[in-house]
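Q: Let chain A serve as the given structure and place chains B and C on it in line with the hints.
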Amino acid sequence: MRESIKAPLVLTVISAAVCGMLAFANALTADKIAQTEQAALQESLTQAFGEAEYTALPQQYEGIHQVIRDTDGRLIFDVTSSGYEKDGQHLLIGLDAEGAVCGICVVSIADSPTQAAKVQEDAFLSQFLGRQKATDAYDAIAGATKSAQGIQNAVNLVLETYQTNKEAMTHG
Amino acid sequence: MSILGIMLSAILTDNFVLSKFMGCCPFLGVSKKISASIGMGAAVIFVMVCSTAITYPIYMLLLLPRSLAYLQTMAFILVIALFVQLVEIVLKKLLPPLYRALGVYLPLITTNCAVLGVTLLNVDHFASSATFMEGYGKALLYALCAGIGFTLALVLFAGVRERMEYADIPKAFKGIPATLVAASIVSLSFLAFSGMS
Amino acid sequence: MADAETSCSLRQELCKGLIRENPTLVGLLGMCPTLAVTQEAKNALGMGIATTLVLIGSNVVISLLRRVIPQAVKLPCYIVIIAGFVTMVEFLLHGFVPELYTALGTFLSLITVNCIILGRAELFACKHTVIRSALDGAGMGLGFTLALLLVGSVRELFGAGTLFGISVMEQNAVSVLTLAPGGFFVLGCVIALVNRIAHREPPRTAGCTGCPNAATCAASKGGCSQ
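Protein chains in written order, with my numbering: chain A, 1 to 172; chain B, 1 to 197; chain C, 1 to 226.
Chain A with its partners taken away, still in its complex shape:
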């Protein structure tokens, strides 16, 4: 009888001990992790859109991590899109005060190195600048079709969300 209680008891104790250790480790590292993520985001923002005062808007929209507004009235959308890898593209797409795309920054991309390089070229990304409406037509890239599609989808999502929620975003 003792034996059959000892087994689950040991397992429970070990599980509890591991949970405790992880909670402790989490408490130690949570701040650092939050800090690192904020710093990375700030760096991407500054790199792509210049130095400015950026504030995140509290509203949540489907498919978009967060919307950030800067002092010039630009709105920057933090989105994840799927290229070859599901949710492998992390993008920052900026719309100027009139709602036209003014910049696309690829924060990280999980597709293979060759495709990642191709979709980050100016020649490809520049076709999205100035767009104000979601469209289906775009120039794809040979050898990186899915990666290009991912970016196209992200731009469309951003423009559609902007169209529907313009008021809340610009004055909220």
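FYI, nobody ran anything at the bench for these hints, they're computed from the structure.
Just so it is clear, the structure is predicted and the values come from calculations on it, not from any experiment.
For every residue, glycine included, the Cβ atom is placed at its ideal position computed from N, Cα and C.
With a straight-line cut-off of 30 Å between C-alpha atoms, the simulated DSS-like cross-links for lysine-lysine are: (1) K118(A) <-> K42(C); (2) K16(C) <-> K174(B); (3) K6(A) <-> K127(C); (4) K92(B) <-> K6(A); (5) K42(C) <-> K32(A); (6) K146(A) <-> K42(C); (7) K33(B) <-> K93(B); (8) K146(A) <-> K133(A); (9) K93(B) <-> K6(A); (10) K118(A) <-> K146(A).
With the C-beta cut set under 10 Å, the calculated list includes, among others, these residues of chain A facing chain B: (11) N26; (12) E62; (13) K146.
A: What follows is chains B and C alone, placed relative to chain A:
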């Protein structure tokens, strides 16, 4: 993700074994007989769906609201390990022939990357769904299709390996290396599906 | 459980995992990550180091607790301990090396079911002293890292023309090598090369089913041990 999108991607375009590399060990190691592959595949589908059924709610209702998301790896693998042992006990009592047929492969499902992988990916992809039931439904569907895709790859490959038995392979390549090269060709053919989206 | 007798010196414990008993190229274990994260050499290196840390940690703790863990719940206990170390490594990478954390993605959590770690726990750590277990873990981990680096370097060099990000031959790259089929192909060739050098006939099955321990570990009701 749409329902059809989930199904197509899990089975074809984003196949767990041939695109994501999850579940390789049984894929390369399971016998060359197609019947054994189907048996293994069925067992994996069952464990994937049932594990998702338990782990998804655990994450959404227990861990996430209490900011304990970091416990997911531990919780999920514990659920899978205990569940597989439960399945073993039940099969041994109720369906001994099936238990004997599966043999050593049944406990191996615990260490199958694809099973833990599908539970983790379900949380990644569907945790931000509009409602819990919508996410839960999609997660279960994804698990089912991932298992089907895994079985598909396994069965296809068993056929390939059966043929390879008769081929004249250089000594250094005999066994696993030849299997891997054959797998690369099968994987190449699945890559063609990615044009389907 | 009495400790196993061993005639290996401490140095041999460390070195056996590097080449002679390399877990991936000889033991044919841990192939999932070897195929998945070797698109770029630096990710391969990062994965190898992360796995080595988990391996050493889990080997040490399991060795410490070897007289306490009952046979019946051996495997779940090992798994919980390994998962704990994996989560801690996840914290470390997320906070201090975020690019590696994003690059490895789900496969970082999947270190938990890496056959190598569970295998060494069942085969070695539960029967040997802490020092030996730590060295065994380090050796196997470094051997695994070596295998990953090898495959990763070949894939990156011939697939994308760079090595660790430094451009070498971008004009002549064969990009399929960085995609899924390339992974299988390169690993197959590397193992074939190792077999050729070692003049050996490899076991015909990989992973758990090919493992010599399969009979005993299935019998001990715990499932795969390698």
